[in-house]
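Heads up: the sequence lines are chains F and A, in that order.
The first sequence begins at 0 in numbering that gives the first Met the number 0 and counts up one residue at a time.
The second sequence begins at 0 in numbering that gives the first Met the number 0 and counts up one residue at a time.
Only true hints are included.
For the chain F half of the interface with chain A, some residues (derived, Cβ under 10 Å), not all of them:
no., residue
1, Leu50
2, Ala65
3, Gln66
4, Tyr70
5, Ala87
6, Ala106
7, Ile110
The list that follows gives simulated cross-link-like pairs (lysine to aspartate or glutamate, DMTMM-like), each with its CA atoms no further than 25 Å apart:
no., chain 1, residue 1, chain 2, residue 2
8, A, Lys56, F, Glu152
9, A, Lys56, F, Asp131
10, F, Lys100, A, Asp95
11, A, Lys56, F, Glu146
12, A, Lys98, F, Glu91
13, A, Lys56, F, Asp138
Per label pair, the in silico range of CB-to-CB distance:
no., chain 1, residue 1, chain 2, residue 2, range
14, A, Lys56, F, Arg34, 39 to 49 Å
15, A, Arg86, F, Glu146, 39 to 49 Å
16, A, Thr88, F, Arg141, 49 to 59 Å
17, F, Met128, A, Leu96, 46 to 56 Å
18, F, Val76, A, Arg84, 13 to 23 Å
19, A, Thr88, F, Val156, 29 to 39 Å
20, F, Asn38, A, Gln87, 19 to 29 Å
21, F, Met11, A, Val67, 33 to 43 Å
22, F, Arg89, A, Val85, 17 to 27 Å
By construction, these hints were calculated from the structure, which means they are not laboratory data.
Model, not experiment: these values are computed from the prediction.
Note that beta-carbon positions come from the ideal geometry of N, C-alpha and C, so glycine has one too.
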Amino acid sequence: MRLAPTASDGTMYLILFIVFAGFCLAGAVNLLLQRHPINSALSLIVVMTSLAVLYLLLGAEFLAAAQVIVYAGAIMVLFTFVVMLLNAGREERTLGSRAAKTLGFPAVVVILALVATVIVKATGLHGAMLSDGITSTVDLSRVLFRELLLPFEVTSVLVLVAILGAVALARSAGGERTAGK
Amino acid sequence: MIPLSWYLLLSAVLFCLGVAGFLIKRNLITVFMSIELMLNAVNLSFVTFAHQWHAVKGQIFVFFVMMVAAAEAAVGLAIIIAVFRVRQTLAVDRIDLMKL
Chain F
0 MRLAPTASDG TMYLILFIVF AGFCLAGAVN LLLQRHPINS ALSLIVVMTS
50 LAVLYLLLGA EFLAAAQVIV YAGAIMVLFT FVVMLLNAGR EERTLGSRAA
100 KTLGFPAVVV ILALVATVIV KATGLHGAML SDGITSTVDL SRVLFRELLL
150 PFEVTSVLVL VAILGAVALA RSAGGERTAG K
Chain A
0 MIPLSWYLLL SAVLFCLGVA GFLIKRNLIT VFMSIELMLN AVNLSFVTFA
50 HQWHAVKGQI FVFFVMMVAA AEAAVGLAII IAVFRVRQTL AVDRIDLMKL
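The following block holds chain A by itself, in its conformation from the complex (with noise of 0.2 Å):
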């Protein structure tokens, strides 16, 4: 028998990765990814939870995010697409036009 903090220290640890590497990687796709594995580490949370409590409906929240992660690959991958088509680069330096 394990305690469910170490699930939850897991957790907390793949999303601070998330956020490094969203800080760190300069590829358009990468940051992306970063961002995948940051909705991951919270999903294994609200499993935890769910399993803590012995509630059904946190499995269903993951459910949904699960849903919601894959309409936001599809949008983001097509304005990845989109983007790479008019400046022809996926470098986040070069990316820089809304920028101050």
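With the rest of the complex left out, here is chain F (with noise of 0.2 Å):
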């Protein structure tokens, strides 16, 4: 589906970025700076939801909605349930490892400036707009559920054994004496 194009039709997608690649880098600046383990959970919601939306402005619809219910509900439910439940405080302020500091800082604005060389340099990348279509869950499900039955199928499986591991390794700690009794 390709809508006609408006005037305002730019600015509005300039600003909706802008607005949401701030939040992002907010939360994820964010998130490094806070010493609390629960406010870190929170921005990281923030980044994820304001993904959500800019994956909307890509045209990814179930990308966005899949976004908001597995990551920004689901895994952040998980973990500010494991915060809450094992009761972390505030992290200690620590020395942290050497090799960290000498080798790893360094390493970060390495990847980082080689990255974003690679990506200025970079020619034929298109640029996106609001007319552009959206990709539907019809045409996604359609590939997926032909093409691309097996390896569903096989994640299927991976995540059964997820959960399988996530109980045993869970309750190892007390399932001796609860076998005892």
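Please assemble the complex out of the two chains, which come individually in their own frames, going by the hints.
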């Protein structure tokens, strides 16, 4: 579906992108600055929800919904649940590892510079605008359930194994005591 | 209209913030959150390139990444709970049994 572009289309898109990209970056930086895990978890939710809006701007409507439900919903609820279950307090300010300081941070800067140079120099990248068509869930599911049915089923087995593993791991410590009774 | 390279740059910056968080943070749960941030940054690149080439498979790849990330979060948090039961701490500096 392709709508006719209007004059305010470009400005609208630019504003939406800048606002939500700004939310994304602010949330990510806040995740690093906060000392309490629950504050970090809440800023990660901000990052994930704004990413959902960016997916919508790129025409991926199904992924935007899945991002909100799976990431901002399920996974972050799990995180906040564990933070509260373990009663995690403020993290202690320690020196950290020496390898992280001497090798890690220069490596991060080098990676960012390298990737940014490649992206800026890349030619042939299109632009994105509001009138671009959206990928409908129908198209997505047609490919997923016809061409990629086997990977889909294999992933369902993976999720089942993960559930069993999580249950086995989480009960292991108390398991012997209850078994002995 | 904005160029797609902006999305890619945002994705690169988010990924590097995730790596930096992995190195800076001293709490096991926050380190794990940084990994989720890196996964999200890569997902954004996937969606951007799917838009560039009008390829549906790029979006399906993101869907698979989300499923694997959900499984990974469940197992990872179970491991964190198991570690906390044994060591009574979440500080990564104190969980160094396997360190050389």
